[in-house]
Amino acid sequence: MENHMDQQQMFMPQHDDAYSMPVQSEHHDYYNMVQQQQDERQPQLERRIRELERQNEQQTRELTRLSQEINRINREINRINQEISRLNRNDEQHTRRIQRLNQRLRAVENRLNIPYVGTDF
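Take 12 as the starting number for the sequence shown in my numbering and just add one per residue.
Please keep in mind that the hints were generated in silico from the structure rather than gathered at the bench. Each hint should be verified, as a subset may be incorrect.
Stated by the list, open to error - Here are the computed distance ranges between Cβ atoms for each label pair: (1) R58 <-> N92: 46 to 52 Å; (2) S96 <-> P126: 38 to 44 Å; (3) P126 <-> R83: 45 to 51 Å; (4) R58 <-> N85: 36 to 42 Å.
Every residue gets a Cβ at the ideal spot worked out from N, C-alpha and C, and that includes glycine.
Please model the entire structure based on the sequences and the hints provided.
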């Protein structure tokens with residue numbers, strides 16, 4: 012049995028100080044070093060955050076202004092389109108009126124036996 016235990020111990024890892032877990036003070040020193048680095052960077056990070064927030068506010072104001080300008084331009088485009096539609100309706104009405112007047116003129120010319128003379132304007 013004793014021989015069996017020796018064989019088991021032979022395959023078990025041997026504890027060497029080089030591979031042992033860091034002692035509490037080493038861990039504490041590492042933590043303090045990391046904390047110090049973070050503390051040193053904190054003012055830089057806060058400045059950067061303030062700068063990014065300021066840029067974000069500027070961009071938000073600019074986007075709001077652009078959006079309002081786009082809305083104003085779209086309203087103007089709609090007003091112009093309505094005016095174009097109104098003018099097109101007027102043009103169609105005038106075209107129909109001119110066509111009716113031309114038909115009446117030709118009817119009168121035919122009754123009076125006046126030959127039609129086309130003119131190029």
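Here is what the structure says about each hint:
no., hint, in the structure
1, R58 <-> N92: 46 to 52 Å, "50 Å, holds"
2, S96 <-> P126: 38 to 44 Å, "41 Å, holds"
3, P126 <-> R83: 45 to 51 Å, "59 Å, violated"
4, R58 <-> N85: 36 to 42 Å, "40 Å, holds"
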